[in-house]
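Protein chains in written order, with the working numbering: chain A, 1 to 346; chain B, 347 to 1270.
It is possible that some hints are incorrect.
Once the Cα atoms are required to be at most 30 Å apart in a straight line, the calculated DSBU-like pairs of lysine-lysine come out as [said to hold, decoys possible]:
(1) K1090(B) <-> K328(A)
(2) K1125(B) <-> K633(B)
(3) K830(B) <-> K1019(B)
(4) K815(B) <-> K851(B)
(5) K815(B) <-> K1125(B)
(6) K411(B) <-> K244(A)
(7) K768(B) <-> K411(B)
(8) K159(A) <-> K1058(B)
(9) K713(B) <-> K127(A)
(10) K368(B) <-> K328(A)
(11) K728(B) <-> K309(A)
(12) K268(A) <-> K728(B)
(13) K127(A) <-> K1125(B)
(14) K768(B) <-> K315(A)
(15) K442(B) <-> K475(B)
(16) K451(B) <-> K172(A)
(17) K830(B) <-> K475(B)
(18) K1019(B) <-> K790(B)
(19) K368(B) <-> K109(A)
(20) K1221(B) <-> K109(A)
(21) K830(B) <-> K878(B)
(22) K172(A) <-> K155(A)
(23) K656(B) <-> K790(B)
(24) K393(B) <-> K328(A)
(25) K434(B) <-> K109(A)
(26) K244(A) <-> K315(A)
(27) K127(A) <-> K707(B)
(28) K268(A) <-> K707(B)
(29) K878(B) <-> K127(A)
(30) K371(B) <-> K434(B)
(31) K728(B) <-> K127(A)
(32) K328(A) <-> K1058(B)
(33) K475(B) <-> K851(B)
(34) K109(A) <-> K442(B)
(35) K707(B) <-> K309(A)
(36) K475(B) <-> K109(A)
(37) K434(B) <-> K315(A)
If you anchor each label on the Cβ, the simulated ranges turn out as follows [to be verified]:
(38) A789(B) <-> V336(A): 55 to 61 Å
(39) G1095(B) <-> G314(A): 31 to 37 Å
(40) P294(A) <-> G1095(B): 55 to 61 Å
These are calculated hints, taken from the structure and not from any lab test.
As the structure is a prediction and not an experimental result, all values here were calculated from the model.
Idealized CB from N, CA, C, for every residue including glycine.
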Amino acid sequence: MTSQNRQIAMVFDLNKCIGCQTCSVACKVLWTRNEGTDYQWWCTVNTVPGQGSPKGWEAMGGGYKDDTLTLGKLPERSEFGGGWDFNYDEVFYGKGKGAGGGQVPLRVKGEQPTWGPNWDEDQGGGKYPNSYYYYLPRLCNHCTRPACVEACPSKAMYKRPEDGIVLRDEAKCEGSQDCAKACPYKKIFFNHERGVSQHCIMCLPRIEDGVAPACARQCPGRAVFVGFLDDTSGPIHKLVNEWKVAMPLHPEYGTKPNMYYVPPIGPKPINADGSIDEDTNRIPDALLEEQFGPDVHQALATLQGEMAKTREGGKSALMDILIAYQWKELFSEFTVDPVDVEQEGQ
Amino acid sequence: MSKNAETGTYRGIDDIYRENWKWDKVAWASHCIDCYPGNCPMRVYVKDGIAWREEPAAVFPQIEKGVPDLNPMGCQKGAGWTRTLYGKDRVLYPLKRVGERGEGKWERVSWDQAATEIADAVLDAVEEKGPESVIAPSGCNMHTWGLLGRPLYMGGIGGLTMDVNAEMNDFAPGHYLTYGAFDPVSSIDDWFHAGIILIWHANPVYTRIPHYHFIAEARYKGAEVYTIAPDASPSAVHADYHYGLTPGSDAAFSLSMAQVVVEEGLVDETFAREQTDLPLLMNPETKCYLRESEMEDGGSDEQFYVWDLKTKEAIKAPRGTLFWGDIEPALTGTFSVTTNSGTVELQTVLTQMLPRLENYKPELATKICNIHPDAIRALARKIASRRTKVICSLSNAGKHYHGDLMERAQLLLFGLTGNWGKQGTGVQAWTGAFFDGAMTLVAKQSKGPAELAMMLDMIDAGNAEARAKDPTLTEAMIKIEAAKNSDNGGMVPPVFFWYRHAGCKDSWQKKEWHDPSMKREFDEYFQEAVEKDWWAGQDFPREEQTPRVLIECGGNVLRRTRGGSKMLLEHLWPELNMIVSLDIRMSATGLHSDFVLPIANQYEKIGFGIPSTHTMNLTFCDRAIEPPGEAVNEYEAFRRLSEKLEERAKARNFQPYTDARGGEHNLTECHTKFTRNGQFLDEDMMADEMIRDTAFLGAIPSNASLDDLREKGYYRWEGLGIAVRAHSQATDPAPDETFAPFRKHVEGGEPWPTLSRRAQFLIEHPWFIEADEHLPIHKDPPQIGGDYPFQVASGHNRWSIHSLNTANHLMLETHRGAPHVVINDEDAARLNIEDNEEIRIFNDQGEYFVPALISPSAQPGQIVMYNGFDNYQFKDWKGPNDAEPGMVKWLHMAGGYGHLKYYSMNWQPCAIMRNTHVGIEKIS
């Protein structure tokens, strides 16, 4: 890792993502288990269309407008939700009966939540039978032009030249939360106990050990690719730059994000008479363009063209990449098994 | 481990993060619970004696060239399992109830005190009502140690253990009727070979998280994915087509496709002739096959005929092979045959089926299933031309009242189109076999392989004896017959317990909740079945054997039982003098128990996943840390109960007795028998014994041992072993191929374990003929629950395995932290229901309260109430089962005919819950 100005990126194949939350839980168990991080889900998977997490994040602003940094809304704690404490003791031990004599159910203590990390799961859009949705995993985009870094008044944030990972020196962070205002993806959290902002560290200790990030390596859907963008032999470069089927989320935010998405191909719609419309898709093109920009149409055409080839019994190099016959192909050079990572004193 | 910390412009991340990426021990892990098929090899990373975190091991090689490997396998529940170890629902010490049942007042007691009080209750029960009054519900989450300890404990007493397949309702009656075994299971990677994938009666996006990728990858390889479900379910998200059929109309849809296949000449005739009974001759008047006994004096009742197109005569269908040799059987036609009683006009089974199929021409079927005729035809043609596989966790169809009809119709379609016994084809159920050592350890008297060698000799001798009488018997048939004549490890079909003692009688007797073709009262059928001895040896407990002690281990009978806690608390609970829950956590049942005993969780004991051909591996979970508090594994828990039972029996001078089924028991030596004179106590030693025995019996490498497994983490099946359910797969595992069951039938012509020796679509049982179900047909779901406008059509949830994990705070944060019911947006608007508003769901059986999640994905008139939330997550602890009467179909009490006879996990009535009718209302 001697090269400078390299960029690690990830590609999420939305045709493989099943919204199972394994990435979110893997991340949470590993990284946000300490003081003040109870509500922080650095990686979330939400249902699109929907309000996502934090609630309504796409309307909160931030990023660059006309090449100028803009500070958007600071998401409120209630818009993230989560970090819930439940009344286990009340239910299990001795205080089970409510005032009316009926038993008290397991619920969040105190005021009942109205939002959470995955509140609008599987609600989606459309009208039955043409209802539709897809799953969108999101974490810090480790942007090439990180608005958070530029916005930080304490110079606590920086982007590592050797891999492009965006980090924060929490010792220098003064808790202004300008980073969170500037981030258009609203993936920066505030640690209310410690008074510092926090976000996805791209599993830096794992990356240093050659281990793929937890969200990627634990993804049972085999939906997440990892690698350097400039590694022409790796799947990231091929999907992003050669086949151009992996798109950044909201490129118009101007931060040049490094998380890419293979757009979803949903089921065929049902016509009013109950027959099948073989020519279109339940997921509106306009929604995909809104999320991934106008290039998504070409990406979808490429994907569908290659899928048509294999349906006819033909071969497709693109399909082979997306299938990933060997799981480790997903991770480029980051294929070390954590069990092989040397531990101090062993 | 300074890494490149000194290079470039690097500045450190907070030390907290680095600390989280440190550990001092790693062990193999998995979650050997009732997560079927589970078996995800993982590793648990231990730090300072704490199970810190876990991660998929991802060590599988690619099995078959051109097929993706199985890595990484895992899910969010597994990824957050450590949080269940340290969760607030964990039980750490023996607890004794000190308030009313369900009041939540507990006192911590010693194991000794708990075991003593339980022992006296058992002795009292045996004295008062007989050993059949000691009941163990199935408890599917206990695995390795429960499967060893519970049968030893219950067997010592002579108590009754309920058949897990009926309790879980995971039986597939239509498969059983057709195949003689309900449980074909292909390996997960075999999905990749399918050209058409039907996600049908399943929601793999929720329930097959570790395996769904094979569907996505098959799609990229050229397969077309169809999701057939009333709702645009989560598994419709990535499908090419979603067929939103009317709930309960699946049989009509299948029969319609079968009609298209026949009408358009797309039948795979060779396959249908060989594999099915469709060419067999039957009498249209009697609805019965032509039998040798009608043709020859002293002829067999089990020898059937086909019409040979070459010789133009009725010829005996060979019973020893599916291959026809020189015979050219007519698949269709009407033929005059001279029998002992004169000339009769006979037809093939397929010909008898044809007028039925005409009732389901797409233009007619669309009125039932609401799928457009063009869409029916399009899919039928594809199924006939490409390898087609139904993807499901296990057949959910059996959870419908007419699930047998749905399955039989589906199999008819597959039998006509050549879609089983080949890679990339077939339907799925579930199986558990192969890990024979776990079973032999219950029976063997001493360590080592000597007894197994004797057992193998006995099996060989038994096979030889059986084949001397009938050389056409296959090994699977001999094993099934032996199972039918065994005591099934003390398991009985729970139907008798439910009907006589649990309160189900009230709902089952409501004729209006059954199908209109049930001509007589349910009770008349029930009594006829008992009186004719169709369930001889199984129909326990009797009326007078009132249950007195209930021992729940690894299950949650109050949540699971259809009819719900309301029914059980009213009918069963008052009869019980002792209720014990052995569990890792507080469940609804635990909360209503007299004692709750703490059980070690995964990572705190050795464990093995459910051994299945779904995953093809014996998966190992090690004891990475010691159990907390006073938790022990299930074997040790039952051993302690057994030890105290022996002690109290001696003190009370308890005399030996014979149970109602003829088993002899002496409780003054039950613990001695349990441990085989103290030989079997140590967890490692017993695990090693199980592994070595399994190797000896052929399913895993011959040099397998606990030490070796601690290195490797898993073994792939090398052979079938000795278990009946392995042999009914009818395929030998191969090291470099995906597993597809039934290849011996298709490639080798091995006959099926049915009366006709073929996949059997004609069921001649008089009850079936009376109901017009002797051949596949569609019937609308009955009005279960009463006359209410909504139907419950849903399956398992995403966030828990049954109710295990349901209270894990991480899982709760990935949804709304409380149960929800999905209702259609227009229905909600009409009823003025807001999103997340708690509503009342009710019918004539019961009611519950649950917040609504409003989505256009639900079909209007459908509600999706995912299964798995524990009762205590609902207001007043009333779970959804309170409004599910759990009807059983009267025909499933049938016996005395061909292969319709109970053996463990197989032919028996199951309490269904799909298509229950309910009302919804705002709580004003």
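Going down the list of hints, with the structure as the test:
1. K1090(B) <-> K328(A): Measuring from Cα to Cα gives roughly 35 Å; hence the hint is violated.
2. K1125(B) <-> K633(B): holds, 19 Å
3. K830(B) <-> K1019(B): holds, 26 Å
4. K815(B) <-> K851(B): violated, 43 Å
5. K815(B) <-> K1125(B): violated, 42 Å
6. K411(B) <-> K244(A): holds, 28 Å
7. K768(B) <-> K411(B): At roughly 17 Å apart (the allowed maximum being 30 Å), K411(B) and K768(B) satisfy the hint.
8. K159(A) <-> K1058(B): Distance of about 41 Å is beyond 30 Å: violated.
9. K713(B) <-> K127(A): holds, 21 Å
10. K368(B) <-> K328(A): It holds: about 23 Å lies between the C-alpha atoms, which stays within 30 Å.
11. K728(B) <-> K309(A): holds, 17 Å
12. K268(A) <-> K728(B): Since the Cα atoms of K268(A) and K728(B) sit roughly 16 Å apart, the hinted pair holds (cutoff 30 Å).
13. K127(A) <-> K1125(B): holds, 29 Å
14. K768(B) <-> K315(A): holds, 23 Å
15. K442(B) <-> K475(B): Answer holds: K442(B) to K475(B) is near 25 Å, not above 30 Å.
16. K451(B) <-> K172(A): violated, 51 Å
17. K830(B) <-> K475(B): holds, 27 Å
18. K1019(B) <-> K790(B): Between K1019(B) and K790(B) the Cα gap is close to 11 Å, so the pair holds against 30 Å.
19. K368(B) <-> K109(A): violated, 33 Å
20. K1221(B) <-> K109(A): Judged against 30 Å, a Cα distance of about 15 Å means the pair holds.
21. K830(B) <-> K878(B): holds, 17 Å
22. K172(A) <-> K155(A): holds, 7 Å
23. K656(B) <-> K790(B): With Cα atoms ~56 Å apart, K656(B) and K790(B) exceed 30 Å; violated.
24. K393(B) <-> K328(A): holds, 27 Å
25. K434(B) <-> K109(A): holds, 14 Å
26. K244(A) <-> K315(A): holds, 19 Å
27. K127(A) <-> K707(B): Distance of about 29 Å is within 30 Å: holds.
28. K268(A) <-> K707(B): Holds. K268(A) to K707(B) sits at ~24 Å (cutoff 30 Å).
29. K878(B) <-> K127(A): Judged against 30 Å, a Cα distance of about 54 Å means the pair is violated.
30. K371(B) <-> K434(B): holds, 25 Å
31. K728(B) <-> K127(A): holds, 28 Å
32. K328(A) <-> K1058(B): Given that 30 Å is the threshold and the Cα spacing comes to 19 Å, the pair holds.
33. K475(B) <-> K851(B): holds, 21 Å
34. K109(A) <-> K442(B): holds, 27 Å
35. K707(B) <-> K309(A): violated, 33 Å
36. K475(B) <-> K109(A): violated, 46 Å
37. K434(B) <-> K315(A): violated, 53 Å
38. A789(B) <-> V336(A): 55 to 61 Å: violated, 46 Å
39. G1095(B) <-> G314(A): 31 to 37 Å: holds, 35 Å
40. P294(A) <-> G1095(B): 55 to 61 Å: Once the Cβ atoms are compared, 59 Å apart, the range 55 to 61 Å for G1095(B) and P294(A) holds.
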